[in-house]
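Novice: Given chain A, put chains B and C in place with the hints provided.
Chains as they are written, first to last, in my numbering: chain A, 1 to 505; chain B, 1 to 933; chain C, 1 to 123.
Honestly, the hints are just simulated from the structure, not real lab data. Keep in mind that a hint or two might mislead.
Sample of chain B residues lacking proximity to chain C, with all beta carbon distances greater than 12 Å (derived) [unchecked claim]:
id, residue
1, Lys292
2, Pro383
3, Pro404
4, Gly477
5, Val613
6, Phe643
7, Leu668
8, Tyr671
9, Leu799
Here are some, though not all, of the chain C residues that point toward chain A, as calculated from beta-carbon distances under 10 Å [stated by the list, open to error]:
id, residue
10, Gly53
11, Leu57
12, Arg92
13, His101
Model, not experiment: these values are computed from the prediction. Ideal Cβ placement from N, Cα and C applies to all residues, glycine included.
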Amino acid sequence: MNHWLTAPILIPLIGGILQTFMGYAPMSLRRTLALATTVLIVVATLGLLFMADDGSYRVYAFGNWQPPFGIVLVLDRLAAFMLVMTSVLALFCHLFALGGADEGNRQFHTLFLFQLMGLNIAFLTGDLFNLFVAFEVLLIASYGLLMHGGGTARTVPGLHYVVLNLVGSAIFLISVGMIYSVTGTLNMADLAVKIPQVTGENLHLVKAGGMMLLVVFALKAAVLPLCFWLPKAYAHATAPVAALFAVMTKVGVYAIIRVYLLVFGDDAGELANLGMDWLFPLALITLAMGVIGALGANNLRSLIAWQVIISVGTLLAPIALGSREGISAALFYMLSTTWTVGGLFLVATLIASNRGGAADRLITAPKMRHRTCLSALFMVGAVAAAGLPPLSGFFGKILILKSVEPGANMAWLWSVVLIGSFLTVVAYSRAGSIVFWRTVDGHLEDKDQQHWPTSFAAGALTALSIVIVALAGPINEYTDAAAAQLLDTSAYLEILDVPVVGEDN
Amino acid sequence: MSLPLVVFLPFLGALIAPLFAQGGRTAIAIASSVPALIGLAALFPHWETVADGGSVLYTLNWLPAIGLSFSFRLDGLALLFSLLILIIGILIILYARYYLKKKENIGKFYAMLLCFKGSMLGIVLSGNLLLMMIFWELTSLTSFLLISFWNHKQDARRGARMALAVTGGGGLALLAGILIIGNIVGSFELDAVLAAGDQIKAHAMYPVALTLVLLGAFTKSAQFPFHFWLPHAMQAPTPVSAYLHSATMVKAGVFLMARLYPALAGTEQWFYMVSFTGMATLLLGAYVAMFKHDLKGLLAHSTVSHLGLITLLLGMGTKLAAVAAIFHVINHATFKASLFMAAGIIDHETGTRDMRRINGLWRFMPHTATLAMVAAASMAGVPLLNGFLSKEMFFAESLHVNLPAFLTWLPPTVATLAGIFAVAYSARFIHDVFFNGSPVNLPVYPPHEPPRYMKIPVEILVFACLMVGMFPAFSVGPLLYAASYATLDGQVPEYHLTILHGINLPLMMSIGAFIGGLVMYSQRHKLFALHARFREIDEKAIFDKVVSQLADLAHRFTGSIENGSLQRYSMLLIVSVIAVAIVPILSLGVFVGESGLSPVDWPTGIGAAILIVSALATAFAHRERFIALVLLSVVGLMVALGFARFSAPDLAMTQLSVEVVTIVLLMLALYYMPSWTPRESLAGRRTRDVILAVVAGVGMTLITLAMLTQPFSSISDFFLENSKTGGGGTNVVNVILVDFRGFDTLGEITVLAIAALGIYAMLKDTALTPPPSDGQGHAWTRDSHPLMLKQLARPLLPLALMVSAYIFLRGHNLPGGGFIAGLITSVALVVQYIASGMVWTQDRIRFKYHNVIGLGLMFATLAGVGSFIFGYPFLTSTFSYIKWPVVGKFEVASAMIFDLGVYLTVIGATLLALVSIGRLSPHSAIKSPRERS
Amino acid sequence: MELVFALVIGTLTATGVFLLLRARTFPVVMGLTLLSYGVNLFLFASGRLTTGGQPILGSTDNYTDPLPQALVLTAIVIGFAMTAFLVVMALRNLADNDDDHVDGKQPKQDAHTSKLEREVTGK
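Next comes chain A alone, as it looks inside the complex (with noise of 0.2 Å):
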């Protein structure tokens, strides 16, 4: 037994406990220890990352109970991936918090530690209704974050967030039943082998609790007729938050990757590649409606919003035709995104803070302050998210065309896609020459308040998207990789009848 596979999980929860102590400790102190607790996630997500490269499996089973009867956490190369992108984004996010946004009530650190705990636990455990409670985990605590920072405006959109995801767990609920009444069993390994041999009436069962886990996921990854939540909650979420969220939709997608790949993958007979079918032309519109959507936005946050859910469509289109290829483009690309996205949400923050009244509305206004610097910022982040060369986003692109078997899904994605990118490039170009360009005379009355954090954190988490380009080569080979183990589910199986302490010698 590894136990550095509990440190993401039990580094954020005794971090997030010793927050809870520190109700009335003086602020610096606590955000001290909160990023160092953050810090201390990186550090530990990087060795995870190092120790899943050689493409082994690393079980941890809680309790010391043998799969599939206790929980067991499970290290891939996917799940390490989602842990370093997590984390390193989550790192820039809480750095640009320390900016001020934590202040207002004494939870902020808190929750946000508790958030990446539920996310971390999503990643790694590798028992379907404990992945149920890691929703829960994340869940509640974004609930938290998104409410973070008083004023009005945010009240509402979080409200619907709420009561939909709500929903959802019930419908997850549902599912855990359906497919537990069936196979007897939890654990998703075991299920892999249970559910090809599911005959006669059951498969219909084991059919309906499958597509209604899809909806599930579906809703957190934002996935069209399930996505309108998104836009307004993340365009009034405080900017951290915000940010951090660009990996809350990729919760979802990874949901689908690990459960419809190993559960419902190739080999699980009637059952295989359950709902893919629908999720491929989903993802298509799911990218329309995303571009639509920015290209009407009225101000920059909403555009980034809708730049997630064209991410979230771009990144399940691969994934629904479920080749190799496909898949390790769709991470590439994740990774991309999620912290371009994050950047932009962080950048845009600052822009709205140098604009006076007119905030981030694309509407004419003075000329705003640090205006160089910060258009740079956009561009670069703009170039990246609309996937234009030379920037990361490109070649995720790139990698996503050039995944496909020449034939009519690859007409639909090929056009979509780069129609899509069109349009997008269009969206950025008109918000950016609005913002930066078209000015009035005036000044700013409201006093210029940066501080070195936020901007540092805005610019590098934008800045990542040169360093994925340097590192374009190593990044691809992990993530084809990734794919590779993902696709070979027999090797997973044996996390079955790994031996727990004790009993082996």
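Specialist: Leaving out everything else, chains B and C in the frame of chain A:
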């Protein structure tokens, strides 16, 4: 190694040059020309190899997965273009030093100019199509920034966005085309692609690929119908226009066609698409140029027309035509760049570009005038100048284009016609500007010669025009040969670079064009009058309108779908679930499995009936909130009994205690909320909802029925076997909770804790004033804490604590456990709050609930971490038996510490939540002890 | 027995869904509560129904499937936390918009309201 150096030095320079901005314009100009000079020096040694058709290659792996390699390739064609880019680049830098004003942001200007230069070099030197693609889009981006350099001008912004949209969009098409080619060839390496020409042309996807590639080329090179962006790009500072929009960037499309000539050209489709587009552009550009009063506008449209000429030549498909095309690339670059610079000088000195005001400048700036006139003559195709030579070749080629017989007349006619226009507008550029009376109220008067050095670039270029015009073979012969060799894949035809080929039809055409042009110019006023009848269309305005209307449309569309109505979103969610589940459920139908149905006993039947009725009643009476709430609690109670009935004591107890707390919570909420719901939804909406509800309900019924009647086996036998031996408890459910699946429970209490903290945070600075009276209009009673309740409640607390302690301890073996115990304790405490009021209770509860929560989580976590010490995984439990005096043999499991954590968290969370809500109202003056002192 | 149980779950789901689709926060909360009752019963039922048994070792010889019970217990707790949070959000919504409509405020459509009047008054 030298090739990537050539490409990346400018980018490096872009980073460094701005540092010299403080040093003034001269300093930065010198600094920015260094990369180009080094670049020239680096290319020089390769001349030998390239001259006789060889090529230099440099390759480095980058992203093999997509066949993107970091490879650069220098051959004749690439060399020709690199030289144009580098040399004209240097001249532009020198020119811009005098053109730009001191106060302008020169650092930014030179940085972007260098970025552009680097990208442009990247395009021509890339040895990998994807790599070229990257630089291709980079030129679109950098030119976007350069055109909008004066971004305070609306026209500049619009022009820039239009250029980006057209060229960037074309770039995406090109990308698709290149990807297809890559699929066909199996590689993006230029050598491989150029070698696979036949394979590509034979492939089924060739038409698509060609169309997409040409889209890219045509948009970039401003071919009809995409030509409209170029004239509006003239909002850029003149050095930019001279560099990007005459000499280099607009040539990228032409370059691409020449580059892929061996791979794509030589088919019917290529011939028709390229040559006819070229013809249309050639004619249209020449025609419009004639009628532009703006100096730069004239040059811009003439550029469009010349690009059309080159395209047409490339389309004709004959080898000689290709040679002519490349030759004209050189010539056009030289004379057009110098003309733009001259126009810039005139603009600079007179303050206007309107040819109706600029007249007779000969008197003021004879030197500039001479230069401009020579260049313009070359544009018109006057002998002894380079323009003449390539135009002669063009005329000659236009005579034998292999078209169907009835069309053979077309190319020469178009060529001559275009020639006429070219002569006419060139004549106008000369006569109208430098002679033709005297200036009409110029902003700057009198104009005079520009600074000496500003003219040097023009002089150099004009000198080149002359040299090429008079000694073609000697001046450009070798370079042209090398370039043609690369384009034509070695099969360079026989051609003679001589000034005159004798009296032949092409010469006649030229002469005709001359006379015609001069005649047309002399009649220009009539033509202007005629032309004025047609309305000028301003593409900028149209583009802007289209985009903003598009945005508006998108906005309205989005608004109509994403309309911020939760009811719609929930409906969509429910509908999606039904949509995906309905097929399997229907195919399941009313299904009763092998285990069949068991008989119903009376009590259960009645209980079920009560449950169903009160559930329905809740739904029907939901607008009377209080009644609905009571009914709801009945449902909850019945559910608890149901658990008990079907052998789940723990669940029953949990459900019961949760029920109590939930109802208290909802009561509290109702205290602030309006106590009845207005009727809002229309009949249609209601029926829709009822239908959805019924469908969902029926679906669940069918599923449950099928599920319950199917035989099944689960992993649970393992739990039953190991609960006592491995977990040390006989209450298997509890052992699962704290041991087998303890991690779930850890997550669960974390959720509880977060919820409480979130609630606390959310309500911290919220105040709500409850309505003065309840729904029926009775005022709330003043007597806040009824005596009876008070008297009953106080002794209740210790009792409740004892009970919960008992429940807690037995939990591991009998129904009970930390969670239930915790809830009982909290209920007891809540009762205190209700009975004796918040102030009284708070004063007696000295601890902060945050810390209780923290403590609880801490216990649970530590109980888990403890097992690390013994080398066991997280949450591994151990247990032993101890003899206690009275109680007797008693078993303690480490899991109990965990359960204690659960207990504490539950208390802390529940109370924190309820108290936060309780303190909402300003009336209930509850403050925590700390806040009050 | 199974049929009755199925009907109960069906009813809870149906009523829950109906209330979920109402326009005010309080009914929505009640709807979600009903829905969660149904879901808990369903999840519990996934271990099949046992009469007169117990998940307590030694107490009986016909054991129920303890796992779903544990799951439901977790589900109940989480459901409780979520309900509490939702209720508070509803209050917050009320405080911010002094209105308990799920969208903060009623849709401002005269056509809608007038149509409503007519319906309510039955003309």
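Novice: Each of the hints needs a verdict: does it hold here or not?
Specialist: Evaluation of the provided hints:
No Cβ of chain C approaches the Cβ of Lys292/B within 12 Å, the least distance being about 53 Å, so the stated non-interface status holds. Annotated as non-interface, Pro383/B keeps its C-beta farther than 12 Å from every C-beta of chain C; the closest such distance is 78 Å. Distance check on Pro404/B: its Cβ is at least 65 Å (rounded) from any Cβ of chain C, clearing the 12 Å threshold; non-interface status holds. The beta carbon of Gly477/B is kept farther than 12 Å from every beta carbon of chain C, the shortest such distance being approximately 77 Å.
Not every beta carbon of chain C lies more than 12 Å from that of Val613/B, the smallest distance being close to 9 Å; the non-interface claim is violated. At the 12 Å boundary, the C-beta of Phe643/B falls inside the reach of chain C, the nearest C-beta of that chain being 7 Å off. With a minimum CB-CB distance of about 8 Å to chain C, Leu668/B fails to clear the 12 Å threshold, and the non-interface call is violated. Some Cβ of chain C comes within 12 Å of the Cβ of Tyr671/B; the nearest lies about 10 Å off, and the non-interface call is violated.
A cut-off of 12 Å between C-beta atoms confirms that Leu799/B is not in contact with chain C; the least separation is 24 Å. The beta carbon of Gly53/C is not positioned within 10 Å of any beta carbon in chain A (closest approach about 17 Å), and the interface hint is therefore violated. The beta carbon of Leu57/C comes no nearer than 16 Å to any beta carbon in chain A, farther than 10 Å, and the hint placing it at the interface is violated. Given hint, Arg92/C at the interface with chain A, holds; its Cβ is 6 Å from that chain's nearest Cβ, closer than 10 Å.
Interface restraint check for His101/C: the shortest CB-CB distance to chain A comes to about 9 Å, inside 10 Å, so the restraint holds.
Checked against the numbered hints given earlier, this structure breaks hints 5, 6, 7, 8, 10 and 11; the rest are met.
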